[in-house]
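These are the residues of each chain, in order.
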Amino acid sequence: MSDPTLLEVTDLVRHFPFREVQGLRMVKANVRAVDGISFTVRQGQTLGLVGESGCGKSTTARLVTRLDTPTSGSILFQGRDITTVKESQLRGIRRDIQMIFQDPYSSLNPRHTVGAILGTPLRVHGLHRGKEKQRVQQLLELVGLNPEHINRYPSEFSGGQRQRIGIARALAVEPKLIIADEPVSALDVSIQAQVMNLLATLRDELDLAFIFVAHDLGVVRHFCDQVAVMYLGKIVEYGDKRKIYEAPEHPYTQALLSAAPDINVARGIPPKERIRLVGDVPSPINPPSGCRFRTRCWKAQEVCATTEPPLVAAENDVALRGAREGGLHRHACHFPEVKTHLVAEVEPA
Amino acid sequence: MSTAFGSPGAQTTAEATHPGDVVLDVVDLTVTFPTEEGQVRAVSNLTYQARLGRTLAIVGESGSGKSVSSMAVLGLHNPKRTTITGSIRLDGQELVGAPRSTFERIRSQKVAMVFQDPQSSLHPFYKVGKQIAEAYRAHHNVSRAVAEKRAVEMLDLVGIPNPQRRAHQYPHEFSGGMRQRAMIALGLVNDPKLLIADEPTTALDVTVQAQILDLINELQKEFGSAVILITHDLAVVAETADDILVMYAGRGVEKGYAKEVLAQPSMPYTYGLLQSLPSHSEDVHELKAIPGSPPSLLKLPSGCSFHPRCSFKDQVPGDACWTQLPEWRPTPGLANRQVRCHLPDPVATLRQDEGIR
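Protein chains in written order, with my numbering: chain L, 1 to 349; chain X, 1001 to 1357.
A hint or two may mislead.
Only pairs whose alpha carbons sit at most 27 Å apart, straight line, appear in this in silico DSSO-like list of lysine-lysine [said to hold, decoys possible]:
1) K1110/X with K1080/X
2) K241/L with K1288/X
3) K241/L with K133/L
4) K241/L with K299/L
5) K1288/X with K243/L
6) K1221/X with K1259/X
For the chain L half of the interface with chain X, some residues (derived, Cβ under 7 Å), not all of them [unchecked claim]:
7) S158
8) D188
9) S190
10) I191
11) Q194
12) M196
13) G218
14) R221
15) P261
16) N264
17) V265
No wet-lab data here; the hints were simulated from the structure.
Ideal Cβ placement from N, Cα and C applies to all residues, glycine included.
Given these sequences and hints, build the entire structure.
What follows is the structure in structure tokens.
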């Protein structure tokens, strides 16, 4: 618990304004992609952001890397406010916060050699002057590629190898925090595990902190220490991975876990309970009043439509562990209830 | 008929039809495309059957040939550029070498396809109800009004609320999950005997995916048709399929009952895939990845295509893995299981490996 806080995000909001024709009038509206979320990431820790499309997890990733500017709220990195840092001063932040992208095909310039791709960040930040080539080769080795391939182009590599190049590029400037946005979902199943293992090894060796954005609940459970479950721009449940997966309290988390197909079914271990949501995620332009999940929630009552539930510490968690900072389990629900048998129960190996 | 997928275990089949009857019989199918770098054999000597009332999952990674083989069933390959050999018998009718008119007749009537991306597979200019009605009228001599009534019924059947109103909307007015439902309604309007679903839920969110998979299962029980589910997601297979065919580099490598194969694989590739999956219901320290990457179809390895990545090849006497393509053979100790592997006793070998790990 003594790890220093690296990133502190408070009430982060990102609205995308647009104009729409309604009848004969132009109406201003907002896509409320991220609508007031708070979380912290400590050094060497991994926070998973999960949720369905449109929940704001990728927008959050872009805000934290400052590829996008928040509408309001604050982002503190090592105590320094980077929320509204000007473009010209972003370079310092970029050295500490790097990003790994989903698509290894479109995130590498096809006309640049691997040497150029990995050498550019070094040059921009003035690192390893005069020894750039050695550093690039060292990086290639670090991610399990042949250092002799420095003059090859991305097209000469397979998808998994390209993702390794993307990882090497992120590591080139020795960042403290890496934002990985669906880093394995574009890869073949047999390659995903290789890349996941590489990321885990690098995290442990280099003491990196991660924000890991993914929709695959298995991958998130494997890789993350803490998990934030998002729904329509809000965090609905946030806490320790074990608690989120084994005893979730928010109905949406429960439904999400219950809906994800699990390989253990084939091993004859069916989950005890199944929850099936009806309908689709509502539009983030005009989200439901009160609790945003209420339109699909089986527990919804009147209060859910009128009052928005705040993200608060779960009662039993407070009683159990006291107000230990950062370790608290939080949920945003008027009627929380622990459910434990949503995933297959496997004997610990 | 071959006994690759025995029917005695068909418990979940509909009573109205003849459960277990072979609807699609693919024998020795080979599909070859010319490319700039040479001939690509996307599918090699593929043999499988799809049976009424059962869901067959065809599983594989990109480039394994899982989609190419089912496109051949629908005649969707360009006949001028594609060489197809072997035999595809749909409901007794030979489709390899059949003229275009034959495919036009069987599409939708006997076999329908649900694609991954419902956005691009519904026509954006026509109302959803009209598209379904047109598909019905293509094979039934009925008036527009009757066909449109049928379209509304179908939309209702696939769980679209307010079907009357929805039939008069355009695809862009539907959400992703609704579009996939409409796509299924379009596929099933002529009551085909075979529904091919190619990654039907990959583009959908988890909670919607669960709805669509449930729907396909329910409709299959109701219509008693055969379903081929093409997917890369073994967890989806675990929850929906009766039978499974695992493909690697254009060839089938293991087939049998889905749940049994996933619980006890007998081909090192299937085993490796299962071992490498992280589960959302348990913690594992390190994922057991398969080394290397899938081979290029232009330069297939000699012998067994999987041998460069296989960690069990040393347990095969001699150099069979390098020199000989393994033939289909039954797995010792497992009924209804066929596998292409040189290991003398794959089940024992793999089980022992699991114990060690």
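Going back to the hint list, which numbers does this structure go against? 3
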